[in-house]
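Novice: So the chains spell out like this:
Number of protein chains: 2
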Amino acid sequence: MSGIASLADLRARLADLPEGDNSAAAAIAERQSRLTKPLGSLGRLEELVAWLGRWQGRETPRLDEVSVLVFAGNHGVVARGVSAYPASVTVQMVANFERGGAAINQICKSVGASLRVIPLNLDAPTADFTEREAMTEAEFVEAVAAGYDAVPARADLLCLGEMGIGNTTSASALAAALLGGGGERWAGRGTGLDDAGLARKRAVIDAGLTRHKSHHVDPLAASMIFGGRELAAILGATLAARRHGIPVLLDGFVATAAAAPLARLNPGALDHAQVAHCSAEAGHRGLCAELGIRPILDLDMRLGEGSGAALSVSVLRAALACHLGMATFDEAGVDERG
Amino acid sequence: MSGIASLADLRARLADLPEGDNSAAAAIAERQSRLTKPLGSLGRLEELVAWLGRWQGRETPRLDEVSVLVFAGNHGVVARGVSAYPASVTVQMVANFERGGAAINQICKSVGASLRVIPLNLDAPTADFTEREAMTEAEFVEAVAAGYDAVPARADLLCLGEMGIGNTTSASALAAALLGGGGERWAGRGTGLDDAGLARKRAVIDAGLTRHKSHHVDPLAASMIFGGRELAAILGATLAARRHGIPVLLDGFVATAAAAPLARLNPGALDHAQVAHCSAEAGHRGLCAELGIRPILDLDMRLGEGSGAALSVSVLRAALACHLGMATFDEAGVDERG
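Residue numbers (numbering that gives the first Met the number 0), protein chains in the order written: chain A, 0 to 337; chain B, 0 to 337.
Pulled out of the complex, with its shape left as it was, chain A reads as follows (with noise of 0.2 Å):
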């Protein structure tokens, strides 16, 4: 249980959040010192196995228990026209991931991850933004709380990842609501929209910055307002991953979208988690600078299913077992620096 009823509970568990394990990270760093390699040389491998322990608090860190969560939720704003495929997609590709059939189920599998799919009131999708808030304060609140409990208390690492036909169009209205600037800087293709899509797409974004006077409102009125389910549900499990000492990687462009609420409004409180994948999607990587977060793969992917999430545990992998592993320059007889 959440125990997250109503948004001032939000506020309050967002305003003390727990602080990561300093010494944990300082030992990993003495260690790595010690290890039969040029100072630093293994680069990010290295910042990473620190930033697992710092954020697991332990000074040997583990990956025994790596979960992927992925979100699904429907849209309103796709009657617009702002996605090239129909929103019954959503509940299809729901049903792919349960039979095993998604790229999402491949790579969780290749790199040894558990899936779990969460589908959020599929049936009722989001109000169209254009018109009114996507969600109410209640629906908002509700979608939270599911994503905040569907967190294993026990995990080494946590995956957050969505599906949802039109939730990069509602990333991006949070995106602009958040930073500033419209469809223009923030709009891109999403799944494959030609040019005249491209434009209705901006369109619709700009008429509900305007319709809610986006840059008078607050990042979690701005997530209720222009989010969906599934993205109110990565910033709640964001949240309760952190609670329960467990490093995030968000998937990509609508996975932090979805997390940034919270960088706004305490500025800490994204430092568990990691980007994965700098998506192909337009807004993601300006989205990464505004938040000072450097994706750790950039392989031009656009898929979203927590897709880069998972595929970047084996770049963690590899880092721990570099640490856990390799032998020190004493213990090899290798002579340190001349």
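Hints may be right or wrong, so weigh each one.
A pair holds if it fits inside one copy or across any two, identical chains being indistinguishable in the list.
[Said to hold, decoys possible] Pairs of lysine to any residue residues, derived as SDA-like cross-links and limited to a Cα-Cα distance of at most 25 Å, are as follows:
| id | residue 1 | residue 2 |
| --- | --- | --- |
| 1 | LYS108 | ASP155 |
| 2 | LYS108 | ARG61 |
| 3 | LYS108 | SER32 |
| 4 | LYS108 | ARG30 |
| 5 | LYS108 | ALA331 |
| 6 | LYS108 | GLY39 |
| 7 | LYS108 | ALA206 |
| 8 | LYS108 | ALA149 |
| 9 | LYS108 | LEU197 |
| 10 | LYS212 | LEU264 |
| 11 | LYS108 | GLU64 |
| 12 | LYS212 | SER5 |
Hints were generated in silico from the structure; no laboratory data involved.
Chain A is fixed; fit chain B onto it per the hints.
Specialist: Relative to chain A, chain B alone:
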């Protein structure tokens, strides 16, 4: 047996390279278009599977046997004070590889690759290239043939890496001779030079380039003059893999420079190779740009040993798992684009 007994043999092999299998690549692209994802949304994962199939000559690529070869050599130019570590470390690190204590051992285990380390006359360093050619023609051809012959006749993927104190100096001088510029353009801090060391390294490179009138030598001669045995072996192994139908992952700066003479002599000679990781070593990004190659990973690593190449195997495994395991739109009953 390579049958490479002279520079003329090597030039003859290089002038007569097998082409890739376009029909295998086309069949792979056709299947990718039917899988349950927006067209192209797995980005480089899709490209990499098509590349594997093209150079394996298989419509259904495999990664059952992934072989990592690490060549080691010693460099007379180390006497000029161009490395932060003493030359003794090369043989000590080879012993560390053989005992399983280095980063590459852990990464190979993590990604399911087999490792073979091949020391090349470590007791007899190459000559100091500021005084004379690093290798005689006979020494160069012998090292190329050692690399050529080390490639297994049957493998699904070959990762090429190196170990050799001083070899970023050789690689920088080689890159300069092939592509222009001098120490300022190509030298980096290697295993961790300070400012004075870096200035010394640049001056040593420039002295070598002047001594050998580098801008008038042909690419294979440049490898003989400035390279080392492990660089020559990587050149030979890259060529052998092409002839055996084995795609290649080149590790980092040194491995890329080592293979670069092939591309200077025959523009398509590295089409069966990817650069696995963009090294933090200063010259690598520019070298990849000159060769028109975009590395797969960019994680601030600068270790060598084949570490970046082996790490990127995990990306290829996930890519192949998606290709082989995903359902098509028809199979999954997912609606196509609206």
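Novice: Hints first: check each against the structure and report whether it holds.
Specialist: Cross-check of the supplied hints:
1. Within a single copy, LYS108 and ASP155 get their C-alpha atoms as close as 17 Å, and across copies as close as 21 Å, so both meet the 25 Å cut-off.
2. In this homomeric assembly, LYS108 and ARG61 come within 25 Å of each other (Cα to Cα) both inside a single copy, at 18 Å, and across copies, at 17 Å.
3. For a Cα distance limit of 25 Å, the shortest separation of LYS108 from SER32 across copies, 22 Å, qualifies, whereas the shortest one inside one copy, 33 Å, does not.
4. For the homomeric pair LYS108 and ARG30, the shortest alpha-carbon distance between copies (21 Å) is at most 25 Å, but the shortest distance inside one copy (31 Å) is not.
5. With identical chains, the CA atoms of LYS108 and ALA331 are at most 25 Å apart between copies only, with a shortest distance of 19 Å across copies and 35 Å within one.
6. Only between protomers do LYS108 and GLY39 lie at most 25 Å apart by alpha-carbon distance; the minimum there is 21 Å, versus 31 Å within a single protomer.
7. Within a single copy, LYS108 and ALA206 get their C-alpha atoms no closer than 42 Å, and across copies no closer than 53 Å, so neither meets the 25 Å cut-off.
8. Proximity of LYS108 to ALA149 under the C-alpha cut-off of 25 Å is restricted to the intra-copy arrangement: shortest distance 21 Å within a copy versus 33 Å between copies.
9. Taking CA atoms no more than 25 Å apart as the test, LYS108 paired with LEU197 passes in neither setting, with 35 Å inside one copy and 45 Å between copies.
10. Taking the closest pair of Cα atoms, LYS212 and LEU264 come within 25 Å of each other only inside a single copy of the chain (19 Å); across copies the shortest separation is 62 Å, beyond that limit.
11. In the homo-oligomer, the alpha carbons of LYS108 and GLU64 lie at most 25 Å apart both inside one protomer (13 Å) and across protomers (19 Å), since each shortest distance falls under that limit.
12. For a Cα distance limit of 25 Å, the shortest separation of LYS212 from SER5 inside one copy, 23 Å, qualifies, whereas the shortest one across copies, 75 Å, does not.
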